[in-house]
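Quick mapping for you: the protein sequence lines, in order, are chains A and B.
Going letter by letter, the first sequence gives residues 1 to 153 in UniProt numbering.
Going letter by letter, the second sequence gives residues 1 to 154 in UniProt numbering.
Derived by calculation from the structure, the hints in this document are not laboratory data.
Keep in mind that a hint or two might mislead.
DSBU-like, lysine-lysine: derived pairs with alpha carbons at most 30 Å apart [as the list claims (entries may be wrong)]:
hint : chain 1 : residue 1 : chain 2 : residue 2
1    : A       : K52       : B       : K44
2    : A       : K74       : B       : K44
3    : B       : K147      : A       : K52
4    : B       : K147      : A       : K74
Covered stretches of chain B (chain A as the covering partner; in silico rule of three or more C-beta atoms under 8 Å from a C-beta of chain A) [what the hints assert, rightly or not]:
hint : segment
5    : 16-26
6    : 52-59
7    : 99-105
8    : 119-132
9    : 142-150
Since we're looking at a predicted model, the values are computed, not measured.
We treat Cβ as the ideally placed atom computed from N, Cα and C, and that holds for glycine.
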Amino acid sequence: MTLDLDDLDRALLRDLARDGTLSAGELGRRHGVSQPSAWRRVRRLETAGVLKGQRVVVNRTALGFGVTVFLGIKLATKGRVSLEDFERAVTAIPEVQVVQHVLGLFDYRLRVVARDIADFERVLRRRIMTLPGVGQVEANVLLSEETRPGPLG
Amino acid sequence: MSIQIDDTDRRILRHLLADPALATPDLAERAGVTQATCWRRLEKLAEAGLLLAREAVVDWRALGYEVEVSLRFTLDKTEPRAFDDFIAAAREVPEVIGIETFLGRVDVRLNVIARDMAHYQQIYRERILTLPHISDIEALMLIATIKDSAGLPL
Numbered sequence: 001m002t003l004d005l006d007d008l009d010r011a012l013l014r015d016l017a018r019d020g021t022l023s024a025g026e027l028g029r030r031h032g033v034s035q036p037s038a039w040r041r042v043r044r045l046e047t048a049g050v051l052k053g054q055r056v057v058v059n060r061t062a063l064g065f066g067v068t069v070f071l072g073i074k075l076a077t078k079g080r081v082s083l084e085d086f087e088r089a090v091t092a093i094p095e096v097q098v099v100q101h102v103l104g105l106f107d108y109r110l111r112v113v114a115r116d117i118a119d120f121e122r123v124l125r126r127r128i129m130t131l132p133g134v135g136q137v138e139a140n141v142l143l144s145e146e147t148r149p150g151p152l153g
Numbered sequence: 001m002s003i004q005i006d007d008t009d010r011r012i013l014r015h016l017l018a019d020p021a022l023a024t025p026d027l028a029e030r031a032g033v034t035q036a037t038c039w040r041r042l043e044k045l046a047e048a049g050l051l052l053a054r055e056a057v058v059d060w061r062a063l064g065y066e067v068e069v070s071l072r073f074t075l076d077k078t079e080p081r082a083f084d085d086f087i088a089a090a091r092e093v094p095e096v097i098g099i100e101t102f103l104g105r106v107d108v109r110l111n112v113i114a115r116d117m118a119h120y121q122q123i124y125r126e127r128i129l130t131l132p133h134i135s136d137i138e139a140l141m142l143i144a145t146i147k148d149s150a151g152l153p154l
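Construct the complete structure from the given sequences, taking the supplied hints into account.
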């Protein structure tokens, strides 16, 4: 079921992961293949679901969102509050960018953006602590992040 | 020092962040501006360093990586080079797809992918436990991503 990748596929994925706007013509020039053949390769990766849309990277700080916090959340009342209720409520919070259901020390992992620490406190108190079933919460403030190319080398 | 942006810029950014795959004509329509205005505003935002990149998203699961684990590390802070050494070594592990540093109980988080649990165990033993200056590790295994958006409440 898994797509077999060759060196050209991996090179195209590496390039597109850095700049998703690259045209088939430019990709072809970089890797010594024709525009139509680069286009066919990219199309094949899209069809197989390997290329799954685009992500826009913005300068959050310059846009006024200077604080990003990861929260680990443990539900207090498992069984009584449904996971669906918690998930529906948490995904509706505009400051929450990412919600992951995890297994381990916590039940959920959230990525939260805020203008500053005071704004984060507001989101935490008014939005997060009031979620149905929320128990223990751990916060870690993001200092730096980098995306790696992964096993495409 | 923040760059001046107006409501039109914010509207364009909000729609773009909500749906990054939008072509400029569709984005313009949703933001209620002409294509020319939309294009000019996007150029301006890019030049001002607000719009940094548009990256393609790779679905590792579609490439056979079924397991994703968030590994949270506490480092030995008596070692002055703990962060630098640890991060440099983590960059050498191909299955590490993301590195984050924090202020809090956790110092560094690595996002690790593997083909299956046997493969994960092998990476964990051979590549992760051998990273320098680790004082503690906690693992969170990803079950499902419920929401993944770059959206900002602009």
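To see whether the hints hold, each was checked on the structure:
no.	hint	result
1	K52(A) x K44(B)	27 Å, holds
2	K74(A) x K44(B)	43 Å, violated
3	K147(B) x K52(A)	15 Å, holds
4	K147(B) x K74(A)	17 Å, holds
5	16-26	holds (count 4)
6	52-59	holds (count 8)
7	99-105	holds (count 7)
8	119-132	violated (count 0)
9	142-150	holds (count 9)
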